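Let the sequences and hints guide you as you build the complete structure.
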Amino acid sequence: MKKLLLFTMAGIALSTASRAQFSEFQNNVGATPFTLSSDNNTFQIGGRVSFYYENRFLKANQDNLSHNGFDVKDADLDFLGKTASKFTYEFHLSVIDLATAAATLNTANPANPGIKAGYLQYTGFPVYIKFGYDKLPFSQGSLSEVYGTPMWSHANLYGGDLFSRRDIGLTLQAPLWKHRINLYGGVYSGMGENFFEYGNDASGRFEYVGRAEFSYPGKMKYHVIDEENSPIVQFRVAANARYEDKTQPNGGNVVTSYPDAPGAYGIRMINGKRGVYGGDAVILFKGISATFETDMVRAQPADANDPLYYGTSTTVNGKYVKAGGYAAGLNYNWQQIRSVFSVMYEDFNANDLAINATGAQSAGEQAWLYLGYAYKVNGFNSVFKFEYYRPTVESANLNPLKYYGQIRVGYQIVF
Amino acid sequence: MRTLLLINLLIASLFLSSWQKGKPHFKFKFEHSHSLKNIPEPSDIVYDKETGHFFIVSDHGKLFECDTSGNIIRKAQKEGMDFEGVEIKDSFVYVSDESPRKIYKYRKSDLSLLREFNVSWGGAINKAFESITYNYSKNCFVLVSQAPCVVIEYNDDFKEINRYRFHSARDISDARWYNGYIYLLSALDETIFKCDPATYDVIESYKINVFNPEGLAFDNNGNVTITSDDLQKIYFFKNLPHN
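For the protein sequence lines, the chains are D and W, in the order given.
If you use numbering that gives the first Met the number 0, the first sequence closes out at 414, no skipped numbers anywhere.
If you use numbering that gives the first Met the number 0, the second sequence closes out at 242, no skipped numbers anywhere.
One thing to keep in mind: the hints can contain errors.
Distance condition first, Cα-Cα at most 30 Å in a straight line; then the derived DSS-like pairs of lysine-lysine [what the hints assert, rightly or not]:
no.	chain 1	residue 1	chain 2	residue 2
1	D	Lys85	W	Lys74
2	D	Lys177	W	Lys158
3	W	Lys77	W	Lys61
4	D	Lys85	W	Lys26
5	D	Lys177	W	Lys104
Since the hints were made in silico from the structure, they are not lab data.
Treat the numbers as computed from the prediction; the structure is a model and nothing was measured.
Spelled out as structure tokens, the structure:
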């Protein structure tokens, strides 16, 4: 994994570009939202509805069929406005997540609070300024819309368990050289999606995020499927990093004060210093697209007895914990039959100090294989999607599974 | 049983797949191209028969007059939000400002603004009118929404007269009158459609080898010029085959 990371980082110098917005509803070809316009202002109302049937192939002696049935994936509303004075504003709500949070007192899915975007951006200067809650400029997989692929959810690597995908804060973006180079820098609460649950934390410190992109031969959007069947090779490479020090004052602890913030593996926010760095790339040509991304977490819990250290001595752990891995995907858009075929593989370790039942370390590794198919009635705005995924390496310690595979089949409408 | 049902559903969906309509009849390749260094995100281009110049509009709300190589000669003072379409009729230049749904009428002589019109499109902010042309057989302006593709005819005061749904492309990024026909350009399909000016039915289609084509112009000799927004380039073709 180290070699992979080094190889990728070495191959990536500065990087890349794409458009000013991460908005799922601004660059979506073919969606049919509704727009109101007055003399100098336009206001767009859009949304997404999707549902699927899922079927888990349970292991022997497992009889919980709670994931063998129907589910609503999305019921989103998006409000996007632009003014002649070069302001853009957006509110993106997930009605399903809001309802779930209300019905369960935010216990069912605290990392999905129901608000996906709420920001104001000014594009009148050479450097764009955005203030509010939105996706962080980090990770191609996170920035790309999963609804624009045959898959139903992001890979685990960048799905929100290792680092937050959204936060409130200030983002600066500098597009250069005809948008081929995009530089992002931002300062955020560091609470990620849990900001609405806890507000700012007691440390009073921010999280800092930077990303540099280079795309060629022109600007690129955050799309990973080549729906345009590009007649020329297009590619983007990017490098990004983020850092925060959330050591709590007066002996406080992140886990006890903000129990939902650390996430499934306890590493999304820690009581201490934490850096995440990575790189990603995408290439598109004649309907074929390939993606690659690697992300690495380097966490330094302030307390030598922090559970993240798994009881190892400082001579063993070096006073830090590592997590991360890579994800790679290959897609083909066969436009004549309105179909997209995708395969994706990811391998990551949620804690390199994790110890299994026999006491051996490196028990935190997981690997997953994903297969996807989409039949596009009207692009990804009216689409049938089928996904199959299975673990190829299971971490019995960090993520014990009751199944050996799962399918999801459903339909999605974007308007 | 459940799994069987799902597999059947998948197979059924595959059977429902059909080859898309409107496969281009001809492949049409450009002769040469070059970068438009000083025109950011060029979204449309039109040829001025009187001067032999091009008028080019930019996503940044700017209108330029350029020589045949794309070098800027002058620029209109009045800027907009998101210029996406341009057309010349008589001694005026008409520009479609996509986001605010406006049409600007400039005097060609000095590029001063003469009048503004409001047009209506209820679809997505940036999927509105990326094209404007004049249909000389029906004596009306034609605006085409990018997606879904709807051809809308307007009188000289930009009051709507008629509309036609266009099903042969996933999007339309430009429209141009030339030699008795309406030509529509699809950026997503990278295809030029030659259409009947009365019905907008497709007569011929031409697959071009340009990425993200957004602007289409014909010079006096029928040579085609295309601008690419994302690549900020201008592409020069010869005449359309079998034109």
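Discussion item. Tell me if the straight-line CA distance from Lys177/D to Lys158/W falls inside 30 Å.
Written reply: 37 Å, violated
Practice prompt. Given the hint that Lys85/D pairs with Lys74/W, test it: the Cα-Cα distance must not exceed 30 Å.
Written response: Cα-Cα ~21 Å, so holds.
Discussion item. Lys77/W and Lys61/W were given as a pair; does the straight-line alpha-carbon distance stay at or below 30 Å?
Written reply: OK: Lys77/W and Lys61/W at ~8 Å, within 30 Å.
Worksheet item: When you check the alpha-carbon spacing of Lys85/D and Lys26/W, does it fall within 30 Å?
Response: 40 Å, violated
Worksheet item: Does Lys177/D pair with Lys104/W here, judged by a C-alpha cut-off of 30 Å?
Response: Distance ~28 Å between Lys177/D and Lys104/W Cα, so the pair holds.
Of the numbered hints given earlier, the model fails hints 2, 4; all others are met.
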